[in-house]
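Visitor: Top to bottom, those sequences are chains A and B. So the first sequence is numbered by the working numbering: it starts at 1 and just counts up by one. So the second sequence is numbered by the working numbering: it starts at 270 and just counts up by one.
None of these hints come from the bench; they were simulated from the model. It is possible that some hints are incorrect.
Computed beta-carbon distance windows for the label pairs [claimed, not checked]:
id	chain 1	residue 1	chain 2	residue 2	range
1	A	P160	B	E431	28 to 38 Å
2	B	P586	A	P51	54 to 64 Å
3	B	P577	A	P51	49 to 59 Å
4	B	W529	A	P157	44 to 54 Å
5	A	R69	B	D338	45 to 55 Å
6	A	L3	B	E431	28 to 38 Å
7	A	F98	B	A278	44 to 54 Å
8	B	D281	A	E46	27 to 37 Å
9	B	G511	A	A150	58 to 68 Å
10	B	A278	A	L3	42 to 52 Å
Just a sample of chain A residues kept apart from chain B, beta carbon distances all over 10 Å, derived [as the list claims (entries may be wrong)]:
id	residue
11	R71
12	A125
13	V128
14	E133
15	T149
16	A218
17	E230
18	A246
19	T255
20	P257
The beta carbon of each residue, even a glycine, is placed where N, CA and C say it ideally should be.
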Amino acid sequence: MALPTLAVWKFASCDGCQLTLLDCEDELLAIADRVKIAHFTEASSETQPGPYDVSLVEGSITTAADAERIRQVREMSRTLVTIGACATAGGVQALRNFADVEEFTSVVYARPDYISALDTSTPIAAHVDVDFELHGCPIDRRQLLEVITALLVGRKPNIPAHSVCFECKQRGNVCVVVAHGTPCLGPVTHAGCGALCPAHHRGCYGCFGPVETPNAGAQAGLLRATGMDEADVTRAFRTFNAAAPAFIELSQVTTGPPPGLGPSDIAGR
Amino acid sequence: MHVRVRAGAVEDVRLEIYEPPRFFEAFLRGRRHTEPPDITARICGICPVAYQMSACLAIEAACGIEVSDGVADLRRLLYCGEWIESHALHIYLLHAPDFLGYASALDLARDGRGLVERGLALKKAGNAIMELVGGRAIHPVNVRVGGFYRAPARTEMAALAEKLRVALDLALDTVAWAAGFEFPDFQHDHEMVALVTPGQYAIDRGTVASTGGLSFTPAEFEDYVIEEQVPHSTALHARLAGRGRYLTGPTARYTLSSQWLSPVARQAADAAGLGAECRNPFRSILVRAVEVVYAVDEALRLIERYEPPAPCYLEVPPRAGVGHGATEAPRGVLFHRYAIDAEGLITSARIVPPTSQNQASIEDDLRRFVADRLDLDDQQLTHQCEQAIRNYDPCISCSTHFLDLTVDRA
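Extracted from the complex, chain A is given alone in its bound form (with noise of 0.2 Å):
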């Protein structure tokens, strides 16, 4: 029976997901004897015409042809998962969004007319049907295998939805936010890390994007009571998820509820 094939993409972005693959050091012959790895240009000049089995898909789209290509890849792939922030949230290339891109433009290149970039950076999802989406800057490497596992056999992938605070307490770090009073995001970020900034004594900063309904107004009083002000507020949910809906409300929501009420009350001291 022939072998199920996967096919590697790449869009706008830093191959840092792509890598998590060549990352599984153990499981990566292991997965290459039971897939037939048909695309991935950053591992092999080998290449076989699709379709393809599952298309993983790293990146955002910030061209025209690249809007062109990933219409491709979909019609030549039963199964598209999209892995990592760029692809997912529009990676942090969608801080264009928020700005000019001529501007931009002409910061960075002398000739700007050399250059063709779209306005914006959008995940994926934006131009074509995702199957699957794996959250983080980059991807969890075992998060990655579960993925790929659960495709193999047929079952749903196992990646829960819950907040980076359900991997601290997990992990046993100290609350970074109550104990030091250190902003921190975890509270409405999608959980995969393993709650490793926090276990770093630092804030978590958001890279996996942003939890399905998260508490604005919360989470920007827990924020403004750590001594952040506005604008930090917002320059904190426009990284690396900036595309992302539920951040983008999140950057425009700069104050919380009032002193007495809530997560204002935390860091007091």
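Fit chain B to the given chain A structure using the hints.
Guide: Chain B alone, transformed into the frame defined by chain A:
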């Protein structure tokens, strides 16, 4: 890649690199002075530490802060991890298959599984350093302007050292293996540029030096290096003011600093037949393999004398001004410059990656390389040109597996 041939001779070679532009230098404006390490890491998933380190040096320079020796050593250790990971990735997954006639390491694994497993184990050792010191191998979370959020404990370092002792043997085997490859006879005469720190192989800091006798500080970088845009590439081309194209990266580092390799790395280089300098781009795989030996050896030395720095970071209050930083990314000199206002917001940013500095030299080498191979058909020529480009480990290595070659023969 476009090649124009007229009257049986190569008239022009253009390497069209079209990575969609992301505009980092533009959107860094208005960010806080503490943000460049996290943000610029996202320029590259394979060498994020390089970006974090150059960013930290530049911001700290602007704010008048110099980190302690303990923090500097921990940064150097982290950087060793990235050199090991990046070079092992390139050697085993991207470059060696070319020399052995395979389309990929996965194909190579069918005939020599142990070889590929060795490369993956070496890469894993590099990642282990980055995971311990940086918190995460891709886009480390533990790096901050002023130092680290958390310093690893000595017991954690001891466990890491165990893995690195095994890795040293794998690294030495890698040099010996690569020394047996067949290398086309090809030499270049480009000026080579790298950081130097006399007495030690430069990684995390240094003065910029060249084989043509230049010597300047990172603060003078923009006086000596001129970046130009060309119509056929979104990667800017660089040249030395008044001099022309140049090459940075492992062969430049080796040529300028090989006398400061550690004894075990020096021996490996000698046994592999590397002399005092390396001007054959095909032999860069040997130089990378020697640098892996050096990086593992250096990491072990740093761990041996490790004491958790206390404090593990300094506060870096913002100060209006400009700061410059340059470090040796796996692929060569990586330069950052930031201007900051009194509130600590960035007003301008300039980032010069190694791969764009090498563009002009790569095109020149390809022009000469193709000139001797015009009798090949386009498919064979494409394959050989892909291999030739991989010599430079350009940070678009993946796209060199996807080379569209057009030959315009009049």
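Visitor: Note whether the CB distance of A:P160 and B:E431 lies within 28 to 38 Å or breaks it.
Guide: holds (33 Å)
Visitor: Between B:W529 and A:P157, does the beta-carbon spacing fit 44 to 54 Å?
Guide: Holds - the Cβ-Cβ distance for B:W529 and A:P157, about 49 Å, lies within 44 to 54 Å.
Visitor: Does the hinted range 58 to 68 Å hold for B:G511 and A:A150 at CB?
Guide: holds (59 Å)
Visitor: Taking the closest pair, is the beta carbon of A:P257 still more than 10 Å from chain B?
Guide: holds (26 Å)
Visitor: Take a quick look at A:R71 and tell me if its Cβ sits farther than 10 Å from every Cβ on chain B, holds or violated.
Guide: holds (16 Å)
Visitor: Are B:D281 and A:E46 spaced within 27 to 37 Å by their CB atoms?
Guide: holds (30 Å)
Visitor: Is 42 to 52 Å a correct range for the gap between the Cβ atoms of B:A278 and A:L3?
Guide: holds (47 Å)
Visitor: CB of A:F98 to CB of B:A278, is that within 44 to 54 Å?
Guide: Given a distance of about 51 Å, which is inside 44 to 54 Å, the answer is holds.
Visitor: Indicate whether the distance between the beta carbons of B:P586 and A:P51 respects the range 54 to 64 Å.
Guide: At 57 Å between Cβs, range holds.
Visitor: Could you see if the CB distance from A:R69 to B:D338 stays within 45 to 55 Å?
Guide: The hinted range 45 to 55 Å holds for A:R69 and B:D338, with Cβ atoms some 50 Å apart.
Visitor: Determine whether the non-interface label on A:V128 survives the test: each CB of chain B must be over 10 Å from its CB.
Guide: holds (17 Å)
Visitor: Is the hinted range of 28 to 38 Å satisfied by the C-beta distance from A:L3 to B:E431?
Guide: holds (37 Å)
Comparing the model with each earlier hint shows no violations; every hint is respected.
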